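Asker: Chain residues, written in single-letter form:
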Amino acid sequence: MKADVATLVEKLGLKTLNGLYNKEITGAFISDMVSDVMNGASPGNVWVTVQTHKNIIAAANLVDVSIIIVTRGKTVPKETLDIADRVEMTICSSPLETFGLAVKLGEAGVVPS
Amino acid sequence: MTEPDGSILLCAEYEVRGGDFSRAGEVSTDIKARLKKIGFDPALVRRVAIGSFEAEMNVIMHARRADVRLEVTPDLIYVEFDDVGKGIPDIDLAMQEGYSTSTPEMRRLGYGAGIGLPTIKRNASRLLIDSKVAVGTVVKLFFTP
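As they're listed, the protein sequences go chains A and B. If you count the first sequence from 1, position 67 lands on 67 in my numbering, and the numbers rise without skipping. Basically my numbering = 1-based index in the second sequence + 1000.
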């Protein structure tokens, strides 16, 4: 799989909640704790989380995450989506549980950094 | 107070309000943008961004307010968080991974993992913390390439 946001969204059938900003994907990181992401996510990563508050955008942007996938079909507030658009960060939704999505990412060729 | 080496490229001041989660990350995001614009190495900018974010979050979670100062020379990026708040009774304890005084509400939002200060220490070239209980805390971050 060509490792970019547009290809991943299409391959996994993800629902894009805001604009699609195509960026390189280098791997994936899963955590619902913000400091974990600060320490562990690499530039270009997919960040998989159940967090939806707007502060996740600043955190993701600081470590150059390429796309955020929110699992469990959780609703993402408009406030979060607006800020994401401002910093050109794609947010997608998946109805799957986090582990289920991780399996799909692996099948698509996305691996841990 | 810093002793800058070389010419000052940038000075900036910010304010962080305790409890203001709605603006969490704004200061560190601006610092990152400014350093990126100057043209510093991306890896260095990332270290500053991460260290500044964790220090900013500590103020929001645990202090009443803080003045933040950024001073940039070609050889040194200095960020200082001078807060008014409850202070840190035991800095060595606070530096331990997993130790946190965060509330359940903060943890629900994904904060309070207890690795904030260790993260700052890991990313900064040098970290100085001075604190007085019931008065406040000064956190000085030095980043060199």
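Any given hint might turn out to be false.
[What the hints assert, rightly or not] In silico SDA-like links for lysine to any residue, alpha-carbon gap of 20 Å or less:
no., chain 1, residue 1, chain 2, residue 2
1, A, K54, B, I1038
2, A, K23, B, P1042
3, B, K1036, A, E88
4, B, K1121, A, D36
No wet-lab data here; the hints were simulated from the structure. Here the structure is a predicted model, which means the values were calculated and not measured.
Asker: If a hint holds in the structure, say so; if it doesn't, say that too.
Answerer: Quick rundown of the hints versus the structure:
Taking the CA atoms of K54(A) and I1038(B), the gap is about 27 Å. The hint is violated against a cut of 20 Å. For the hint linking K23(A) to P1042(B), the alpha-carbon distance of about 17 Å falls within 20 Å, and the restraint holds. With a C-alpha separation of about 16 Å, the suggested pair K1036(B) and E88(A) falls inside the 20 Å cut-off, and the hint holds. Among the hinted pairs, K1121(B) with D36(A) is consistent with the structure: their alpha-carbon atoms are about 15 Å apart, no more than 20 Å.
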